[in-house]
Every structure is written in C-alpha cells, then in structure tokens.
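Participant: Fit chain B with the ligands to the given chain A structure using the hints.
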Amino acid sequence: MEVAVCVKRVPMVGGKIVVTADGQDVDTRMSGFTVSPHEECAVEEAVRLAERDGGRVTVLTLGPAAAADQLRDMLAIGASRAVLLETDGREWGPIATAAAIVDALRAGGPYDLILFGNEAADTGGFQVGVRVAHLLGLPCVTGIKHLEVSGGRLRAGREYRGTEEAYDLPLPAVVSVKEGINLPRYPSLPGRLRAKRAAIERIEPERYPWHAEGLRKERLRVPPAQNKRAEILGTGAGAVPALVALLDDLGVLP
Amino acid sequence: MTVLCLVERDGEHAADVSLRALTFARSLGDVTAVTMGNAATRPAGPPPGATGAGGDAGVGPALAADVSAYGAAEVYAVGLDGYAPQAWARALAGLAGEVAAGAVVAAGTDRGHEVLAHLGAITGLPMAANCASARPGEDGTLRLVRHRWAGSLLEDAVLEASPALLTVAVDAVPAVPAEQPAPAAVRAYQPVLDEADLLVSATESAGRAGGASLATARVVVGGGRGVGGPDGFGVLEELAGLLGGVVGVSRVVTSEGWRPHQQQVGQTGTRISPELYLACGISGAIQHMAGCLSSKHIVAVNTDAGAPIIARADYAVIGDLNEVLPALVAAIRARG
Ligand SMILES: Cc1cc2nc3c(=O)[nH]c(=O)nc-3n(C[C@H](O)[C@H](O)[C@H](O)COP(=O)(O)OP(=O)(O)OC[C@H]3O[C@@H](n4cnc5c(N)ncnc54)[C@H](O)[C@@H]3O)c2cc1C
Ligand SMILES: Nc1ncnc2c1ncn2[C@@H]1O[C@H](COP(=O)(O)O)[C@@H](O)[C@H]1O
Chain A
52 MEVAVCVKRV PMVGGKIVVT ADGQDVDTRM SGFTVSPHEE CAVEEAVRLA ERDGGRVTVL
112 TLGPAAAADQ LRDMLAIGAS RAVLLETDGR EWGPIATAAA IVDALRAGGP YDLILFGNEA
172 ADTGGFQVGV RVAHLLGLPC VTGIKHLEVS GGRLRAGREY RGTEEAYDLP LPAVVSVKEG
232 INLPRYPSLP GRLRAKRAAI ERIEPERYPW HAEGLRKERL RVPPAQNKRA EILGTGAGAV
292 PALVALLDDL GVLP
Chain B
22 MTVLCLVERD GEHAADVSLR ALTFARSLGD VTAVTMGNAA TRPAGPPPGA TGAGGDAGVG
82 PALAADVSAY GAAEVYAVGL DGYAPQAWAR ALAGLAGEVA AGAVVAAGTD RGHEVLAHLG
142 AITGLPMAAN CASARPGEDG TLRLVRHRWA GSLLEDAVLE ASPALLTVAV DAVPAVPAEQ
202 PAPAAVRAYQ PVLDEADLLV SATESAGRAG GASLATARVV VGGGRGVGGP DGFGVLEELA
262 GLLGGVVGVS RVVTSEGWRP HQQQVGQTGT RISPELYLAC GISGAIQHMA GCLSSKHIVA
322 VNTDAGAPII ARADYAVIGD LNEVLPALVA AIRARG
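Listed in order, the protein sequences are those of chains A and B.
If you use our numbering, the first sequence corresponds to residues 52 to 305, in order.
If you use our numbering, the second sequence corresponds to residues 22 to 357, in order.
This is chain A alone, in the form it adopts within the complex (with noise of 0.2 angstroms):
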C-alpha cells in the first residue's frame, strides 16, 4: 500500500484567540504550531495500514519552510517521507490549495489511497480532500470515522443522525477522516531522533504561485460574546449549597 495523507501547519491556539493588528491573521507571536487531530488520526490511520500491508506513507504539505516541523512531528509517528511544498506564507485557498497537492500527488505517486483531515483546523473548508478527488478522478468519502482496506476495496463508516452508515469503494480513493478513527501514538524517541534526521523533500516555490480566488478573505474578528465574567458561588465545599440552589433553579434536579 502506497498511502499519501495531507496535512495542514495550524496555529496552536489555546485559551484566548488573537488577532493581528492589520485582521488578516491569528496572531502567532505567543503559540506553537500543529496540524489538526483529524489529519493526526489520518496519518496513525495509514501507519497502521502500512504496518500491516507493508508499504510507505508519505506526508504532504503546502505551506511557509517552517512546515517542515509539522511533517517532522508527522514522520516522528511513524510516516517514511515528507513532500513539503513550499509559498511565501500566504493564505492559500482551498482551489488552488488542492491543485497543487495533485500536481506533487501525481509527480510523487502513484499512491493507493490519499487521506485527509475532513476539514483544516484554521480555515475550516470543508473541500480540499473532495477537490483533489474530482481532479484525479478518484472516488471519495468524507468524515470517515472506521476504515478498513481488503482485497483492493475499502470500507469506511461514519456516523448520521445517530446511526452509522457504510461505504465501500475500489481502491485508489481519496478518504477524508474525522478524529475519533483511532487513537494516535505519542511519537517514541527513536522515532523522534529519525525524525530530526530525516531528509524533506521540498518543492521550490516558484513551482506553485499563489493565486486570488473567488472567495476573498477581508478581515478575521473575534466574536464579541466571548468575553462574560462568571458569577463566582463560592470557594471548595462550602459553595456546595450555593450549587444545589442554583441546579435547582434550573431545573435540572430529581
């Protein structure tokens, strides 16, 4: 099994989101980066196939130099190449974004199946895994949360309406995967130290020029309602009453 999954460089944003000055961005002076737990579970996913089948999983991104972290944290859980397609750091929309990815698909590939987040942390768009699948011809599947690959078909589940419904489709496909799949590894430290070591392929810049879209960021804001104050009921123990009052209140006791 040749596996290709893509992942996305994200902000690590914690309690409080910032904007910069000048709205285009999360300000990222006081966070880290990572990619989304969907695209974390899509690449122990294709580790695990990989693993079983033998093959190799190779980890895609698009996005500033520094991505390269991302794909080291990717290749530290088990992935065996890294494709770094490089820009200037510009946002990248979702058409242009998913041009891009099958153009190094198909110079890197062949590949039996090509996984996806079911949408990017930062932007949420919800497309680009589709996107790739309609410009390969590839069948596809999107918020898969149960993945099984036998005898050149897959098998994938997801949930609706509170029942799970199922898929099956020839290989090669595109499957875009949801948290939950599985539970991803902690990265072990000889897997870290391969990591460190391992080379990236990069593709230069130039290759991939960005380009405007018909859907047009303006301006990022933080949604005003977010900040109240709590009501504070008591300290420990002793707000145990001030507690009941209130449950009851609301009318949640028995």
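Think of the hints as simulated: they come from the structure by calculation, not from any bench.
Note that the coordinates shown come from a computational prediction; the quantities given were computed from them, not determined experimentally.
Please note that the accuracy of each hint is not assured.
Derived DEER-like restraints, expressed as beta-carbon distance ranges [stated by the list, open to error]: (1) GLY50(B) with PRO305(A): 45 to 53 angstroms; (2) GLY287(A) with ARG354(B): 13 to 21 angstroms; (3) ASP139(A) with SER276(B): 43 to 51 angstroms; (4) VAL179(B) with THR79(A): 47 to 55 angstroms.
Coverage of chain B stretches by chain A, computed from C-beta distances (three or more under 8 angstroms per stretch; other residues unrestricted) [claimed, not checked]: (5) 79–92; (6) 134–140; (7) 166–177.
For every residue, glycine included, the Cβ atom is placed at its ideal position computed from N, Cα and C.
Facilitator: What follows is chain B with the ligands alone, placed relative to chain A:
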C-alpha cells in the same frame, strides 16, 4: 435571485438544521427547496440507482408544510434513492442550471459540506463553508461572515461567483418561520447521472453510533485533565446519572485514552447544547468552547480562578473537583 436550498430529512419532516438553512436562504432571495431520496440511507443489497418518477422520491405533506412554513415557494423532489454524495451534487448542479440559481445553500452538516464540496469541484466554483450571514454587496458580489476555528473566529469575506455555494453555520442561525408563508409547489426532477456519480453511496448498517445522546443531552457533566485519570470519572458518572445527563470530556481526556472519543466535546468532537454544562477540571481552550457555547448555562469547577473557562462560564466554583463533586452528590442525595 433564486436560491436553491438542500433540505435534509428527519423522518417525515425537514431536519431542524435545514429549517435554519431555509431561514438563511430566505435572506438572499426566493427560495426553492430541494430534497432527495425517500429514506435517509439505502438498505444494503440492491444497487443504487435513480427511481422512476420524482414523485415517488416523495415530498410528503409534512415535509411540504415545513418548507412552505420556512418560506420556500417551490420544492423539488429529486428522483434519487438513498445517499450518494456525488449524485446529489450532480442533481443540484442540474437544477441550479434549470432554475438559474444565484446561490445554492445547504446546512453545515456532514452531508451539506460533502455535497457542496462536490458541487464546487464539479462546477469549479468556490464553496464557502459555515456562513453565519450573507448579504448582496454592490457589483453582484456577496458579503459573507463565515466561521473559522469552528466559530471561535469570524471571517468577513467577499464571494464573487455565481451561483454562490454556501453552507450555513447552523449554530449561528436560528430557524425563523416566514412571515407570509404560502404552500410550496411540489415538482419532480430527474437528474442526468453517469455511473461514477453513483459509485459511492451509503448503506445503512445495523449498529447505532455512539455520541448521539451527548449531542442532545439536557445535562452534560464535563471532565478534563483535572479529573486526573480514568478512575476519576466515577463521581462524574454518578452526578450525571442523578441529573439525568451524560458525561462529556475534553480532548486531553480522550487522547490520554481515559475515555472514548465519542464523549469528546469540541471542535473535533461533539457539539452540545444542554440546559446545563457543568465543566470540571477543564481549562476552556477555544476548541473545547466551540463545542459547548450553545449551552444555556455553563458552570465551571476549577482550582484556578484565572482559567480561561472562568471568562466564558456563567457561574463558577473555585475549588478541587475531588472535593466539590462528592459533596454535591451527597447534597443532592440528601434532598431525597
Ligand atoms: C485543532 C485543534 C482541535 C481541538 N479540538 C478539541 C476538542 O474538540 N475538544 C477539546 O476539549 N479540546 C480540543 N483541542 C485541545 C485544546 O486545545 C486543549 O488542549 C484541551 O481542551 C485541554 O483540555 P483540558 O481543559 O482538559 O486540559 P488543561 O488545559 O490541561 O486544563 C486542565 C484544567 O483543570 C484544572 N484542574 C486541575 N486539577 C483540578 C482539580 N483537582 N479540580 C478542579 N480543576 C482542576 C486546571 O486548573 C486547568 O484549568 C483541540 C486542539 C486543536 C489544536
Ligand atoms: N495547505 C495544505 N497542505 C496540505 N494539506 C492541506 C492543506 N490545506 C488543507 N489540506 C488538507 O485538506 C483537508 C481539508 O481542508 P479544508 O478543505 O481547507 O478544510 C485538511 O484537513 C488537510 O488534510
């Protein structure tokens, strides 16, 4: 402008999320609803395919009444059995051409996102996911507000494309009935499909997926890293049982393997909207809060008065959950 709105079903009725999508669509123009397939999913076995007549695919009186009440002037029943995302998108593309739609709208659900992503790929047009509002700008553009980071950040955007492909951030748009509703005309539509459109289609499987009760629970007792380990959840379960609710957890808890992912609340977990969310030992990271901001009341129990959740909750108890929760359980039991 004509706005096509994909309507998902909930039994005989339109799903609540689709009533929200209809409300959103109405703010843009004259709404034509579209609904596909008879059942939610096709039973395993027979091959997928188009049914004979659109009328059979069925818009029953309940569904027709729902879409009428929410302002649709017409509703198309597409002659398609079951759920095949690419076929649904192909049908929407065909219909959008037929009615000269200026926009195609769907609820921001798994299906809504998936079908509109296919439609974007088929047409080569941009797709804007999770829009909270849209209004026509000058020069034929649309001014959008859309959700990023699952709603923790808003993006003001301009969309220059026709038709505009939009999914609706359903948490941000309430369902509001139309002021002067009229019965929607029911029409049939038979899409032109090729084999590849039907290659991927859903079959129902027997098992019920977990997590559904979390999404609809009236009370959620949340536990985070502060619970300390897998054994700490006994008292949370007990409290949830007493309050007729369920336990929800943070991502730290699921990634440590203390609890299954189906209990995770947040951006990459389940979105909850209970009457009460009692968040214990949870710091209140934006990705967690994105899953619980629709809660009516949030009460935090945390040792740290400076934790971000204190600035998002309605009420807080500053203290150790190992002390507060057992005392709370005892006090509730003592009431009899
Ligand atoms: C793209 C992305 C998506 C994510 N999606 C999700 C998601 O869906 N859901 C989610 O939850 N997280 C998600 N996260 C992770 C999120 O950023 C936080 O890391 C996580 O929510 C923190 O969990 P926590 O609050 O349990 O742990 P911590 O942040 O470590 O907080 C623990 C809290 O417990 C308090 N505490 C400690 N001991 C006690 C005690 N004895 N009694 C009372 N209080 C105590 C501490 O004061 C602290 O406030 C996501 C992250 C990313 C980057
Ligand atoms: N810049 C990128 N580089 C690599 N993969 C990406 C990039 N952007 C998006 N993806 C992949 O596409 C998925 C869906 O992204 P989106 O459609 O933008 O929400 C993500 O979860 C990633 O797997």
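Participant: The structure should be examined with respect to each hint, and the outcome stated for every one.
Facilitator: Each hint tested on the structure:
The hint said 45 to 53 angstroms for the Cβ distance between GLY50(B) and PRO305(A), and at roughly 49 angstroms that hint holds. Distance hint check: the CB atoms of GLY287(A) and ARG354(B) are about 19 angstroms apart, consistent with the given range 13 to 21 angstroms. Range check, ASP139(A) to SER276(B): about 33 angstroms between beta-carbon atoms, so the 43 to 51 angstroms window is missed. A C-beta distance of roughly 25 angstroms is found between VAL179(B) and THR79(A), which places it outside the suggested range of 47 to 55 angstroms.
Counting residues of the segment 79–92 of chain B whose beta carbon lies closer than 8 angstroms to any beta carbon of chain A gives 0, which falls short of the minimum of three for the stated coverage. Coverage of the segment 134–140 of chain B by chain A holds. Counting CB-CB distances below 8 angstroms, 5 residues qualify, and the rule asks for three or more. Residues of the segment 166–177 of chain B with a Cβ under 8 angstroms from some Cβ of chain A number 10, which satisfies the need for three, so the listed coverage holds.
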